[in-house]
Amino acid sequence: MVGEFLRLQSVVDEMVRQIRVNKDKCSGCRYCELICSYRESLWFNPRDSKIRVAKYDERGIDEPVLCRQCATCPPIDVCPTNAFQRSEGRVVRIDAENCTSCYLCVDACTVGAVFRPRAQGLPLVCDFCHGKPLCVEKCPTRALTFADEDARFGAAPSEPEVP
Amino acid sequence: MKHYGYAGTVLRIDLSNKRVAKSELEKDLAKGFLGGRGFNSRRLFDEIGRGLDPLSPENKLMFATGPLVGTMFPTACRFNVSAKSPLTGILGDSNAGGHFAAEMKYAGYDQIIIEGRSPKPVYIFVDDDTVSIEDASHLWGRNVYETDKILRDDLKDNTVRTAVVGPAAENGVKYAGIFADLMRAAARTGMGTVMASKRLKAVVIRGSKPVEVAEPEQFMRISEEIEEAIYEHPQYWPRVKMGTTRILTPVNEMGLLPTRHFTEGVFDHASEVSGERLAESYNLKSRACFSCNIPCSRFYAVQEGKFAGLEGEGPEYEALSAFTARVGNADLGLALKANDTVNKLGMDALTTAECISWSMECCAEGWLSKEKADGLDLSWGNAEAILLLIEKIAKREGFGNVLADGVRAASRSLCFGEEVAMHIKGLEMIQADPRGLKGYGLGFAVATRGGDHLRAEPFIELSDDPRRGAELFSVPEATQRLQWKGKGKLVNYFENWCAVIDALEVCKNIAENMEVLPFAKAAEAISAATGLEMDAVAVAQVGERIVNIERSFLVREGITRKDDTMPTRFLREPLRSGNSKGSIFELEPMLDEYYAERGWDVRTGVPTEQKLKELGLDDVAREIGVSESRNVDRRASCS
Chain A
1 MVGEFLRLQS
11 VVDEMVRQIR
21 VNKDKCSGCR
31 YCELICSYRE
41 SLWFNPRDSK
51 IRVAKYDERG
61 IDEPVLCRQC
71 ATCPPIDVCP
81 TNAFQRSEGR
91 VVRIDAENCT
101 SCYLCVDACT
111 VGAVFRPRAQ
121 GLPLVCDFCH
131 GKPLCVEKCP
141 TRALTFADED
151 ARFGAAPSEP
161 EVP
Chain B
1 MKHYGYAGTV
11 LRIDLSNKRV
21 AKSELEKDLA
31 KGFLGGRGFN
41 SRRLFDEIGR
51 GLDPLSPENK
61 LMFATGPLVG
71 TMFPTACRFN
81 VSAKSPLTGI
91 LGDSNAGGHF
101 AAEMKYAGYD
111 QIIIEGRSPK
121 PVYIFVDDDT
131 VSIEDASHLW
141 GRNVYETDKI
151 LRDDLKDNTV
161 RTAVVGPAAE
171 NGVKYAGIFA
181 DLMRAAARTG
191 MGTVMASKRL
201 KAVVIRGSKP
211 VEVAEPEQFM
221 RISEEIEEAI
231 YEHPQYWPRV
241 KMGTTRILTP
251 VNEMGLLPTR
261 HFTEGVFDHA
271 SEVSGERLAE
281 SYNLKSRACF
291 SCNIPCSRFY
301 AVQEGKFAGL
311 EGEGPEYEAL
321 SAFTARVGNA
331 DLGLALKAND
341 TVNKLGMDAL
351 TTAECISWSM
361 ECCAEGWLSK
371 EKADGLDLSW
381 GNAEAILLLI
391 EKIAKREGFG
401 NVLADGVRAA
411 SRSLCFGEEV
421 AMHIKGLEMI
431 QADPRGLKGY
441 GLGFAVATRG
451 GDHLRAEPFI
461 ELSDDPRRGA
471 ELFSVPEATQ
481 RLQWKGKGKL
491 VNYFENWCAV
501 IDALEVCKNI
511 AENMEVLPFA
521 KAAEAISAAT
531 GLEMDAVAVA
541 QVGERIVNIE
551 RSFLVREGIT
561 RKDDTMPTRF
571 LREPLRSGNS
581 KGSIFELEPM
591 LDEYYAERGW
601 DVRTGVPTEQ
611 KLKELGLDDV
621 AREIGVSESR
631 NVDRRASCS
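Note that the protein sequences, when read in sequence, are chains A and B.
Quick note: the first sequence, position 138, residue 138 per my numbering, numbers continuous.
Quick note: the second sequence, position 200, residue 200 per my numbering, numbers continuous.
Isolated chain B, as found in the complex (with noise of 0.2 Å):
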């Protein structure tokens, strides 16, 4: 069958007994879920059952794409790779551009699921419809940027595009990422460690395939429609300029930068770390993902001083910010050297910095020794312990193989410091105070991969405009950003767009931050790319489906309301100065209204029978145990 947008097969390599099977994308699935992160999410509910041990043989690891991507619509380029998270236990999933996504569509696939475990180190190579399993064993060990080169001197062709482990990923660190063109990395969950369990280095991709759309001319309508949106858009410069640290300075205004771990929401080093400092100081260059016309990236080089001729990409707002306040750091060339040591061995950067700078927050109150630090001097901003932390971990050597699980095993482990320890189900939260941010703090709350902001990513809320909230949700408080009410509903709308940005693969740049990607253009470009009848109803209804099939992926491992909760410093200490003083986090009212506005269960926190039905979940609703007669929560015993 003739597939328009999608590349219309679906691939499946056992790497246990090195079987390779191709399947056509089945029609239901893009039609319910339409890609990238919904395939993945279904299909991880399908065939991950509850329980399963996340660095086993037999859980899945799944890249997949979207069906715009590959062609010409501004931003789309990403993929999205899922499996079990061995850091939080539930649903593992992360997201990366680049030029990785693209290259899979044009080898002609939507989807690559990467099962077993081989008994050595190998890397896959797709070429086209060839598929093979290559020996890996020069390449274990090697860092990210030593193993693309090799591979790419390997197979005598720099247009192969990689996605990689590094060495922490094969020392076991649950927060190993992957890392697609060097510096592109789906860090978030430990995928890369799930990766790398399998003993699976790389996926090299070359593809020369095309991909077709339904109807071009209207497809290019759409899509250079979206393009001169986004030139015009105000954003449009900043973005160039910057890219997302653009906000660090505005954040820190608002009194919400977490300094020094979350103990301070303003960082008085704040302007010599900040977006505008870099991109004076360092940047040469701009740099765009695939297909985009928002050269966001920025290549930079330092010239002076202890780094010098360091030069990379990057970095972006939330590990600039990581680095810098979150540790205590005003030396900007530190922190990108710390971003450059954390993506060449293959971290999650976010993960990274809140285990230092919890393990910081634990020496300051005196809890942690330092001989148990092996005596590393950890005070705030030491650039000296930063480094060799960074490294510890990836090694997992001495206390950098405490922190090497996360730091709610860490705190766990050393019976210190879990009331500040930040995460939220496992996983470390983001560099943004949810007391003055309270729909994002609510998107972190109830994110169905833990304490991340683009599962619901609601910008809208940094307007603090009350006519928006009145316009769009008739509650004009939802958007403004210290006030709870009206949050579950603005959180709510967010997640289900971001999952459909998310399938889409498009970059959530245009979507929830520049908003020229609404559901209703975004029904139109699916249309004219798949030939598939959608409206803006029916998209959002995808988003709404892929956030349900999350929530009950999460509901069988055991999760319910009580676990939609944050660190108690945000429910109890009010925020000590700046522009948010005073604020802390309302959780329960916002829930409460949240899950009304699910049509979930309010008590529970599960999603009903009669949602799941509604949207054609009825096997979902079956297994969870919420279906007719068997409408119990199967969670309260075991919790």
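One chain only, chain A, in its complex shape (with noise of 0.2 Å):
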């Protein structure tokens, strides 16, 4: 399934679609942050993840962490090397050759959506797929969906009446 979705992706679904999360919905399962690790490295790890559920058990509360597109993105301001940019339409990326590492852009993110990696390299932000995100596909509560179309993947079930 990953392998057909890479060799298929292509510039034009890079477009913004921004993801919507309802954290009254997120279980907390997590399911996100498997299947983010996964495509990047065909192993399980959710400190590889671009996404991360917050979790706060007292409470009860479970909440997706992940690039919610905002207007104006701090990290793209503070990057001193202009590494972490956004063309027009089309969703945040981080130059590898011109990013040094210096994380200031993990502090500057608002919304707490751009992770350290576990060793030294790249920050870790959405890059969304490129267009199919597979957190939304996969996420069995349907937490988290897409803005503009909920049925991209079909729409999400409406729960059937227990006997």
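Note that these hints are calculated values from the structure, not bench results.
Please read all numbers here as calculations on a predicted model, not as lab measurements.
Where a beta carbon is used, it is the ideal one built from N, C-alpha and C, also for glycine.
So these bits of chain B aren't anywhere near chain A, every CB distance computed over 12 Å:
(1) Gly172
(2) Ser271
(3) Ser281
(4) Glu365
(5) Gly398
(6) Pro466
(7) Phe473
(8) Ser474
(9) Leu482
(10) Lys489
(11) Arg576
(12) Lys581
(13) Val602
(14) Asp618
Restraint ranges, calculated between C-beta atoms of paired labels, are given here:
(15) Thr130/B with Ala147/A: 39 to 45 Å
(16) Glu232/B with Ser41/A: 29 to 35 Å
(17) Gln218/B with Glu88/A: 37 to 43 Å
These two chains come separately, so use the hints to put the complex back together.
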């Protein structure tokens, strides 16, 4: 599935598509973190993921945190080498050649959606799987959906009446 | 050596001398016992000799997880924690979900073995390869929630995973549990008591290593197949809505809901405390364990009444029905409060409710006087007494001190009520009347950890459909709940299956209950994850091997057929009303069938040399004295 998807990716798919997060629906299962790390490396490691579920068990809160495509993006402003960038109508990206791994972007992001990598390397930020976010596809509770179109992978099923 | 599926390392921590040792996971152990409960049971057999005092420093507390945990395999998130049990004196073992086990894998460990005893309270912080033993004097005496919060604040990291014990464990209550992520309770058989006896307040884990599988694409294909099967299952939405509490209503309709301490099988207030009522009136949100697509845990809030403001997760069926029907209480708010209190103090809800409901029956029978019970009014369902008694037990105060050793010990020390002490091998029984669920009943009687359903969980019996029995075991009665025939085959099969699922550390909901993970599918997943070539037969044999080594552990401690029994109420008194009216539990013929099916000595219930050798457990046969010339029942002399 993932292999096929990677072959099909194209620049056209990189258009901005905001993901809507409904934290009241999030069960905290962390499927999103798992599929995100798997897509990148074919292994499983939530600390490689570009989406993280913030959990507060005592209050029953689970909140997926990922890049929200904010109109103003502080990481772009603070990046000393202009490696953190966004072209018109596209998602943010980090230019590997210019990034110095200073991680100013990690602290600057107001939603906390830029993550420090495990080892030295590029900061982790959602690239929206080039337009087909696997986390949205996998989310068991539809806590993650597209803001512009809920039906990309079929409309969220309505919950049937329990007999 | 590179490991797939497994993290590949076993961690040993000796708290007496603060020694930390790591060793590579043994290949034989992986192949023969798969993981989790299998690893723990093999090592307990090898390292915990006969007669050891469970609260001595020599007892070992083992956390283990399985080869699929940390991956995206649906529901693979669990861990077993095992030691010799201070409550039962035999094999102690408990299992919980949440996020702790996956973190353990990411930190790089399949099993963590804790030995010795620290001179002062400590907690263990496992941060990938760095293992430190930290002072916990500021945590001692704190409840489960407080402890978790202080640890996160101290470490300045909310992403760590914790497994902690509460004040009940510190006070030596013999059925204290270990609580992961606040509410994921490994509560049966007193593993928290063992942990606190080592002066260990918490195990905190942070891991950042990947879990790799041998064949990623194949593995994801199998995982997605299981995932889809779960979504399409008719039990999916009821589980999301109610979790296990959904069975309270049907169990009551079958006349099997243990009410007022098993004196009845029908609770007249069931509709007021049902899973449906809980979902409608209290539930706010569905929550899930790690890597699970069935969010069956429910976050609730009490909005009005005496317990307004209370919020938390759960309860599941056992705690819900234990703090309602079993104690004769029709107030759902009180049940939530009782469950919350028990969790925060860190005790087993089932055993606690048994101790309380047993006291209530003793009181109703006139055996237990009000003076002896610290002046408490122990009439059925008395909210104040229930909540007070929970606190007293946790503090080992007054009458609570008597109950803190479990119902078997309490009845013996008070010299009354032993025949109605609802335990098997010292472990208090769960919330289902065996007289009308005979497969479950047999499962309780022979379970290697005592009176519990999760060693067999023959869920299929609830279908009451003879076609399933005919198809699977060639005995139609095997899946008819009021028949005793074929139950030996049923329990044998389901025990092996449960052992495999506990070794893989997957949730039984998708195996025994929803039946989407049969042996063949499990074999495919194991092969793709670990690279070990295994088929359905080999996987089933792992289950059989685990059950046999656990039984051998019990045999070495003196357990034989005579102990595979249950309280006389079930054997002699027919159910008085409801849809299982007139039924009793036919123990002996079921045991005959079960031992024969297991290939054990039918007279003694001891595994035979032939069976143990067939499973590659020759050393076990020698150790328990069934080997060759020493083919005598060593236990006969000590019973």
